[in-house]
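Asks: Sequence:
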Amino acid sequence: MATNFNSRLQKLQTRRQGPAEVRKLRKTLDGFYVPLEESYQKRATKAASTYALGAMQEVDPTYTSKSFDEGDRIKNQLEKALAGKIPVEFDYQGSVPLNVHIRGVSDIDLLLLRTVYVVIDPSGPKASSGYFDWTGKPGPTLLGELRNEAEQILTDAFPEAKVDVSGSKAITVSGGSLRREVDVIPSHWYDSADYQRNNLKKDRGVYIYLKHESDRALNYPFLHMYHIENKDILSGGNTKKMIRLLKTLVSDFEGYPSIELSSYDVASLVWYFDNTQLNVQNWNELALLWVAKANLDSMVANEVATRNLQTPDGTRRIIDKEVKFRSLRTLASEVTDLVNEVAKELKGLPVFTTEDLRVGLEKASTISISCKTSGEHADVGDGYPGFC
Numbered sequence: 001m002a003t004n005f006n007s008r009l010q011k012l013q014t015r016r017q018g019p020a021e022v023r024k025l026r027k028t029l030d031g032f033y034v035p036l037e038e039s040y041q042k043r044a045t046k047a048a049s050t051y052a053l054g055a056m057q058e059v060d061p062t063y064t065s066k067s068f069d070e071g072d073r074i075k076n077q078l079e080k081a082l083a084g085k086i087p088v089e090f091d092y093q094g095s096v097p098l099n100v101h102i103r104g105v106s107d108i109d110l111l112l113l114r115t116v117y118v119v120i121d122p123s124g125p126k127a128s129s130g131y132f133d134w135t136g137k138p139g140p141t142l143l144g145e146l147r148n149e150a151e152q153i154l155t156d157a158f159p160e161a162k163v164d165v166s167g168s169k170a171i172t173v174s175g176g177s178l179r180r181e182v183d184v185i186p187s188h189w190y191d192s193a194d195y196q197r198n199n200l201k202k203d204r205g206v207y208i209y210l211k212h213e214s215d216r217a218l219n220y221p222f223l224h225m226y227h228i229e230n231k232d233i234l235s236g237g238n239t240k241k242m243i244r245l246l247k248t249l250v251s252d253f254e255g256y257p258s259i260e261l262s263s264y265d266v267a268s269l270v271w272y273f274d275n276t277q278l279n280v281q282n283w284n285e286l287a288l289l290w291v292a293k294a295n296l297d298s299m300v301a302n303e304v305a306t307r308n309l310q311t312p313d314g315t316r317r318i319i320d321k322e323v324k325f326r327s328l329r330t331l332a333s334e335v336t337d338l339v340n341e342v343a344k345e346l347k348g349l350p351v352f353t354t355e356d357l358r359v360g361l362e363k364a365s366t367i368s369i370s371c372k373t374s375g376e377h378a379d380v381g382d383g384y385p386g387f388c
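Heads up: the sequence shown at position 47 corresponds to 47 in the UniProt record's numbering, and the numbers run straight through without jumps.
Because the hints were derived from the structure by calculation, they are not lab data.
Here the structure is a predicted model, which is why all the values come from computation and not from measurement.
A few of these clues could be false.
[To be verified] Pair by pair, the computed Cβ-Cβ distance ranges are:
no.	residue 1	residue 2	range
1	D215	T62	35 to 43 Å
2	A301	T155	23 to 31 Å
3	Q152	T336	44 to 52 Å
4	N6	V323	28 to 36 Å
5	K137	T336	28 to 36 Å
[Unchecked claim] Straight line, CA to CA, 20 Å or less: simulated PhoX-like cross-link-like pairs of lysine-lysine:
no.	residue 1	residue 2
6	K46	K11
7	K344	K46
8	K324	K293
9	K211	K169
10	K11	K85
By construction, the Cβ of each residue, glycine as well, lies at the ideal position given by its N, Cα and C atoms.
Full structure from sequences and hints, please.
Replies: What follows is the structure in structure tokens.
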């Protein structure tokens, strides 16, 4: 089905700069002044090409700063109300601190961490000497109490906002005086053996409370961020551009059924993209479309291997539900549509001739990756993660 990229471009520009009537005033809905035209809009004149370039760009720092400000408003209310009752600390995880968020789509994740209580890896070097034995209530009970307190505090503190307590992992606060949606995630620390050894934040795990199950799930959000940051450095900043592009395609998809891939899933898939292919020059960012097509098509073609891919933090398979592989196919098809439309727009230009596009796509599509055993990371290019 043909995609209307004029409509998508309008949607993208509205997210990034506000509605047309607001853009005329050089002011966003947040009250911040912005340029009438962003830099990516000066680099292309056709809809699909401009859409692709815009989808890759980071959100402006002022908008991102406001996201943290709104998260801090939530944090301050919780901190004040819990003082003297439950000891807590806070941290941020997810797409905003990683700078792969999308304006008008991404929320900000605030970890509400119950302190004093911590689970440790008994094999760690400090397990027998660096901690005191816990004799109080079990972890799920402690987090359940924290969740109940937080729900009531936020409902009282933000009466005009919507405080959605139906989610298992997070309390979602939006609307009212808040200009961002904030997910509050009750949790506590997990000190892994690596963290006990090196005291590096990336190796410290987080047990997230699951309200519906009255249980917990272990995540390593800072290890995930660490791996994505490293890959972004190795790929010349193009890993994050790729993540933003694919997240935008997921967000803007209007077909049925929807694409059921989370921001975390998309980032995890991109982590397996070939670094050598990702290393394109800033002036040649549209070449990343062909990189996306080659890697996603390969993932779809190698279904068994793709289903075995682990998240960067190693806690689960990325494609852990049947609907996610179907969604991967849909996303790959969306990328193909965008590639084809951009190729039409670039036809005849000196930088991208039709033959250049054909040869580049043919070369990218013939890339194969061999794996030693299913589920292992392969060494690709200069020894960076590939997919197996």
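Asks: Which of the listed hints are broken here?
Replies: 2, 5, 10
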